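Spelled out, the chains give:
Protein chains: 2
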Amino acid sequence: MRKVSIVGIGQTKAGEHWQRSLRDLAVDAIKAALQDANLERVDALYVGNMLSGELTAQQHLGALIADWAGLGNIEALRVEAADASGAAAVRMGYLAVASGAQDVVLVCGVEKMTDADAETANAAWSSGMDAENEALQGLSMPAIAGLMMHRYTHEFGVQRQDFAPFAVNAHANGANNPYAMYQRPISAEAYAKAGMVADPVSMFDAAPLCDGAAAVVLCPSETASEFGSKPVRIRAATVATDRLAVHDRKDPLFLQAAYLSAQRAYQQAGVGPGHIDLFELHDAFTIMAALSLEACGFAERGKGTHLAQEGEIALQGRIPISTMGGLKARGNPLGASGVYQIVELVTQLRGEAGANQIGCHLGMAQSLGGSGATAITHILGV
Amino acid sequence: MRKVSIVGIGQTKAGEHWQRSLRDLAVDAIKAALQDANLERVDALYVGNMLSGELTAQQHLGALIADWAGLGNIEALRVEAADASGAAAVRMGYLAVASGAQDVVLVCGVEKMTDADAETANAAWSSGMDAENEALQGLSMPAIAGLMMHRYTHEFGVQRQDFAPFAVNAHANGANNPYAMYQRPISAEAYAKAGMVADPVSMFDAAPLCDGAAAVVLCPSETASEFGSKPVRIRAATVATDRLAVHDRKDPLFLQAAYLSAQRAYQQAGVGPGHIDLFELHDAFTIMAALSLEACGFAERGKGTHLAQEGEIALQGRIPISTMGGLKARGNPLGASGVYQIVELVTQLRGEAGANQIGCHLGMAQSLGGSGATAITHILGV
Numbered sequence: 004m005r006k007v008s009i010v011g012i013g014q015t016k017a018g019e020h021w022q023r024s025l026r027d028l029a030v031d032a033i034k035a036a037l038q039d040a041n042l043e044r045v046d047a048l049y050v051g052n053m054l055s056g057e058l059t060a061q062q063h064l065g066a067l068i069a070d071w072a073g074l075g076n077i078e079a080l081r082v083e084a085a086d087a088s089g090a091a092a093v094r095m096g097y098l099a100v101a102s103g104a105q106d107v108v109l110v111c112g113v114e115k116m117t118d119a120d121a122e123t124a125n126a127a128w129s130s131g132m133d134a135e136n137e138a139l140q141g142l143s144m145p146a147i148a149g150l151m152m153h154r155y156t157h158e159f160g161v162q163r164q165d166f167a168p169f170a171v172n173a174h175a176n177g178a179n180n181p182y183a184m185y186q187r188p189i190s191a192e193a194y195a196k197a198g199m200v201a202d203p204v205s206m207f208d209a210a211p212l213c214d215g216a217a218a219v220v221l222c223p224s225e226t227a228s229e230f231g232s233k234p235v236r237i238r239a240a241t242v243a244t245d246r247l248a249v250h251d252r253k254d255p256l257f258l259q260a261a262y263l264s265a266q267r268a269y270q271q272a273g274v275g276p277g278h279i280d281l282f283e284l285h286d287a288f289t290i291m292a293a294l295s296l297e298a299c300g301f302a303e304r305g306k307g308t309h310l311a312q313e314g315e316i317a318l319q320g321r322i323p324i325s326t327m328g329g330l331k332a333r334g335n336p337l338g339a340s341g342v343y344q345i346v347e348l349v350t351q352l353r354g355e356a357g358a359n360q361i362g363c364h365l366g367m368a369q370s371l372g373g374s375g376a377t378a379i380t381h382i383l384g385v
Numbered sequence: 004m005r006k007v008s009i010v011g012i013g014q015t016k017a018g019e020h021w022q023r024s025l026r027d028l029a030v031d032a033i034k035a036a037l038q039d040a041n042l043e044r045v046d047a048l049y050v051g052n053m054l055s056g057e058l059t060a061q062q063h064l065g066a067l068i069a070d071w072a073g074l075g076n077i078e079a080l081r082v083e084a085a086d087a088s089g090a091a092a093v094r095m096g097y098l099a100v101a102s103g104a105q106d107v108v109l110v111c112g113v114e115k116m117t118d119a120d121a122e123t124a125n126a127a128w129s130s131g132m133d134a135e136n137e138a139l140q141g142l143s144m145p146a147i148a149g150l151m152m153h154r155y156t157h158e159f160g161v162q163r164q165d166f167a168p169f170a171v172n173a174h175a176n177g178a179n180n181p182y183a184m185y186q187r188p189i190s191a192e193a194y195a196k197a198g199m200v201a202d203p204v205s206m207f208d209a210a211p212l213c214d215g216a217a218a219v220v221l222c223p224s225e226t227a228s229e230f231g232s233k234p235v236r237i238r239a240a241t242v243a244t245d246r247l248a249v250h251d252r253k254d255p256l257f258l259q260a261a262y263l264s265a266q267r268a269y270q271q272a273g274v275g276p277g278h279i280d281l282f283e284l285h286d287a288f289t290i291m292a293a294l295s296l297e298a299c300g301f302a303e304r305g306k307g308t309h310l311a312q313e314g315e316i317a318l319q320g321r322i323p324i325s326t327m328g329g330l331k332a333r334g335n336p337l338g339a340s341g342v343y344q345i346v347e348l349v350t351q352l353r354g355e356a357g358a359n360q361i362g363c364h365l366g367m368a369q370s371l372g373g374s375g376a377t378a379i380t381h382i383l384g385v
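Just so you know, the protein sequences line up as chains A and B, in that order.
Going by the working numbering, the first sequence wraps up at 385, each residue one higher than the last.
Going by the working numbering, the second sequence wraps up at 385, each residue one higher than the last.
Just so you know, these hints were derived from the structure itself, not from any lab.
Computed from a prediction, not measured in an experiment: that's the story for all the values here.
Treat the hints with care, since some could be wrong.
For chains that are exact copies, the list does not tell them apart, and a pair is met inside one copy or across any two.
[To be verified] Distance condition first, Cα-Cα at most 25 angstroms in a straight line; then the derived SDA-like pairs of lysine to any residue:
(1) K6 x G103
(2) K34 x V161
(3) K6 x E192
(4) K6 x S224
(5) K196 x R321
(6) K16 x H309
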């Protein structure tokens with residue numbers, strides 16, 4: 004397998020883009036990534052998206068976006084793994100370059116959610132769960148997170164308020180990210196008073212659904228120095244799955260796919276969790292942040308909130324997370340989020356993270372699909 | 004790149020499966036493919052599907068199908084390229100094995116269309132076109148095919164009846180395929196009297212939308228002899244795209260993506276159209292069969308119907324097409340069709356095509372997404 008590097012990144016602000024369509028957002032991110040790589044042409048495009056069929060009656064985003072970005076008659080396909088679709092597209096771009104089939108590849112994650120009303124968008128989001136056995140019984144993504152969080156507090160003897168540091172940390176970091184949807188800090192007191200979405204999941208436990216697009220340019224590591232920006236190596240790219248419905252899992256509070264995907268990534272990169280300088284995790288809900296830290300070996304079972312309370316997830320902590328705001332403050336445009344995570348990792352590894360810069364040589368991103376049935380992990384290094 | 008072979012195939016009958024859900028159909032095809040390969044475990048699963056989100060409120064088919072097929076915690080992702088989604092999943096499986104990232108890979112194409120009424124299914128199918136500039140203006144897939152066919156008759160001085168041999172040939176071959184939706188021949192007279200769908204596209208010009216699933220097992224060619232069935236090599240796997248909206252194309256009667264995808268495939272395999280013994284093309288509409296033959300070098304511009312009328316597309320002709328019924332008679336379960344084509348090619352190349360068996364060493368399959376904006380070509384050989 005050829006080694007693969009990232010030589011270009013681009014992103015739109017995550018948020019409510021009333022004047023921009025799905026194709027506009029994708030093209031904006033792609034143009035930024037091509038400019039960053041000092042490139043005009045690529046050999047292939049892989050698009051990560053979850054809901055454009057349901058929300059905008061548009062499938063076939065590979066051809067659509069290649070067309071509207073003026074990329075010519077290149078190979079272009081869409082990959083979907085629910086909320087992890089963006090990371091899945093990165094995985095596919097990685098395979099295309101690693102195999103030798105393609106040399107210079109664009110990966111774009113895009114989601115346009117504000118073309119539908121919030122209720123429709125939320126219902127469509129449920130299609131990442133088991134439709135027959137969860138969604139059609141009335142469960143939504145926030146409801147599943149609520150059940151998991153409630154069980155967690157019961158099982159491990161913690162309180163709802165113990166999850167506050169995840170939201171506070173994400174918002175503190177998002178305040179310095181010009182691409183974040185919410186660029187303002189919140190306090191633990193505000194968290195305590197936040198309105199409930201699905202008890203005990205409050206507004207400040209749930210990342211906001213929104214519009215957005217992010218893109219990266221991949222190429223073989225041996226030619227990476229020819230491009231405009233400082234290359235970042237993909238040291239690992241892995242996917243694992245779990246039972247789709249939470250009630251089918253042996254332990255609803257252990258993210259088996261996240262665990263396996265991380266283990267495979269550590270093995271590929273020849274490292275362990277102790278070598279990882281930052282971890283962009285899937286904090287769609289604060290409970291998922293805690294469970295991800297535990298599954299990936301950064302905290303013991305039931306101790307995810309402790310790690311957060313001890314300040315270890317902050318920029319100066321042992322394992323900084325959500326360093327550019329995470330899904331919580333940057334916003335969660337579902338099929339784009341996995342690519343935003345990679346863009347943010349690259350930003351840190353290049354030393355371009357401004358006020359949020361941490362010292363780092365090795366970073367990990369992990370994206371979850373549905374309530375954790377798919378986990379896709381990338382380890383990047385300079 | 005490692006060489007890749009197909010060592011297992013499986014399929015359900017294409018048709019109306021009122022008692023089987025999407026996940027049931029996928030599992031049926033997968034079990035058949037695993038049995039054919041004499042295998043119980045695989046390393047990864049790639050699923051081709053177009054419309055499960057719209058029609059059954061279920062996305063995240065990678066994790067769902069890996070779960071329900073009992074495949075364990077393997078890598079599992081879905082790929083989408085409208086009607087070419089199945090072929091796109093084969094392309095992704097090919098990249099995973101060729102790269103060395105995975106050794107034994109399942110590819111499954113599945114579509115469940117009868118859970119929605121025909122109008123809803125037809126509208127959802129339009130999401131493979133340009134939603135904003137074609138579908139929302141009232142165009143449907145049959146309507147676009149009607150415009151193209153009408154223009155073709157005008158441009159090249161042929162009649163609607165000249166397309167009859169495509170339908171007659173497909174139905175003659177489908178009559179001997181136990182997995183085909185329509186296992187009965189039709190006559191040129193019946194074609195002449197068929198009811199119009201979108202003038203001049205009649206019922207017998209349009210392939211029927213339906214349910215179905217097909218699966219293949221891929222592995223490195225060097226280990227292919229270890230499995231249960233006679234291996235078939237993937238000599239080429241290519242993707243090309245064109246402008247999404249037909250009105251944006253320089254020439255609406257030339258399938259640029261089909262042309263480029265075929266050219267790239269010929270180059271990869273080191274062959275030309277003269278070496279191809281059979282061609283499983285995308286006959287969702289008879290006009291697309293004619294245009295595909297022309298774009299891929301089997302007929303001159305405007306001579307696709309001539310080739311058919313001269314009997315050259317029949318089993319004993321120069322370039323047999325739709326040898327197991329094609330989309331027209333086997334049925335067109337959108338995101339599954341591209342995998343059915345591969346299964347049918349393998350059936351021929353193994354010499355297991357029964358009454359429809361032709362002498363062949365090299366076969367080509369081409370799947371089109373939307374009205375030809377994506378074309379995915381595979382060349383297989385023994």
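So, going through the hints one by one against the coordinates:
1. With identical chains, the CA atoms of K6 and G103 are at most 25 angstroms apart both within one copy (10 angstroms) and between copies (12 angstroms).
2. With identical chains, the CA atoms of K34 and V161 are never at most 25 angstroms apart, being 46 angstroms at best within one copy and 45 angstroms at best between copies.
3. Neither within a single protomer nor between protomers do K6 and E192 lie at most 25 angstroms apart by alpha-carbon distance, with minima of 47 angstroms and 60 angstroms respectively.
4. Taking the shortest Cα distances, K6 and S224 sit within 25 angstroms of each other both inside one copy (5 angstroms) and across copies (23 angstroms).
5. In this assembly of identical chains, the alpha carbons of K196 and R321 never lie at most 25 angstroms apart, being 29 angstroms within a copy and 76 angstroms across copies at closest.
6. In this assembly of identical chains, the alpha carbons of K16 and H309 never lie at most 25 angstroms apart, being 32 angstroms within a copy and 55 angstroms across copies at closest.
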